[in-house]
Amino acid sequence: MTDTSDVSTRCGFVALIGAPNSGKSTLTNALVGAKVSIVTHKAQTTRGPVRGIVLAGDAQVILVDTPGIFQPKRRLDRAMAQAAWERAGDADIVALVVDAARGLDEKLEPIIEQLPELNRPVIAVLNKIDLVKKPDLLKLTSDILGLKAFAEVFMVSALTGDGVDDLRAYVANAVPEGPWLFPEDQLSDASLRQTAAEITREKLFLRLHEELPYALTVETTDWKVLKDQSVRIEQTIFVERESQRRIVLGAKGQMIKEIGQASREEISEIAGVPVHLFLFVKVRERWGEDPERFREMGLDYPKK
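UniProt numbering puts the first residue of the sequence shown at 1, with every later residue one more than the last.
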């Protein structure tokens with residue numbers, strides 16, 4: 001780590017919360033400057049909290065990308081919403097990420113109502129401004145300022161990078177003074193095993209349709225470094241029914257082959273070594289009720 005003995009360093013946690021599909025994961029990656037959180041076009045892709053580490057001058061900012069907050073139906077949904085609020089309550093700063101194209105819709109109302117309970121500084125980040133006309137954006141900004149719930153309002157496009165530097169500079173100056181918690185070359189607190197499982201889950205989300213991606217989970221079950229320094233990885237994809245297993249495999253195994261190839265290439269790029277990836281698809285009925293699966297995702301198991 002860089003010698004900071006003569007420099008007053010800053011370090012703190014910023015929790016990104018919001019409704020599903022508001023762009024929290026894309027914004028996390030943009031602020032970090034690297035992919036640390038998986039991103040798909042589907043809502044509720046993020047399950048467990050993902051931490052990305054931002055360095056800005058003498059500050060280290062730990063971003064907590066939380067699951068989208070929505071009205072929970074399943075036990076897994078409740079665990080995701082609970083994790084989002086818990087991480088927000090533990091953060092130094094809370095950033096409510098708003099899809100500027102959707103504005104202050106009914107999904108945001110209950111989230112905004114609950115913000116005062118956090119007793120934390122809250123900023124609003126209007127994301128996806130590249131999709132909104134300027135007059136509409138100015139009206140939305142005025143409406144949000146009128147709520148008097150936010151210390152600052154930022155307008156950004158995580159996709160194009162507009163406004164991201166200003167947001168990064170703000171949080172770097174706003175986190176408290178203190179020593180850095182991570183080495184300066186570390187971008188995330190996730191292990192390679194966890195990252196590899198998330199990458200495969202991302203490929204499944206991108207290729208499977210309707211509700212199926214929400215009915216599966218991925219675990220890295222084996223990771224061995226071979227003599228030539230390449231890595232042999234085994235992952236298990238858990239689904240709830242045999243019919244889902246057949247869909248994931250695809251005709252003559254074509255679907256799982258494509259998913260495995262795409263995942264292997266990205267894991268290899270991140271690991272910096274050749275990767276041999278083996279995917280297995282198993283039926284585990286009601287895996288969404290299994291506490292062990294929740295622990296693997298970094299979530300607490302809700303009792304109710």
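Hint data in this document are derived by calculation from the structure and do not stem from the laboratory. A virtual CB, placed ideally from N, CA and C, is assigned to each residue, including glycine. It is possible that some hints are incorrect.
Label pairs and their computed distance ranges (CB to CB) [stated by the list, open to error]:
| # | residue 1 | residue 2 | range |
| --- | --- | --- | --- |
| 1 | E242 | S142 | 46 to 56 Å |
| 2 | N119 | S8 | 24 to 34 Å |
| 3 | A149 | P291 | 50 to 60 Å |
| 4 | E210 | E113 | 23 to 33 Å |
| 5 | R232 | N119 | 41 to 51 Å |
| 6 | L192 | S142 | 40 to 50 Å |
Violations among the numbered hints:
As far as the earlier hints go, only 3 is violated by this structure.
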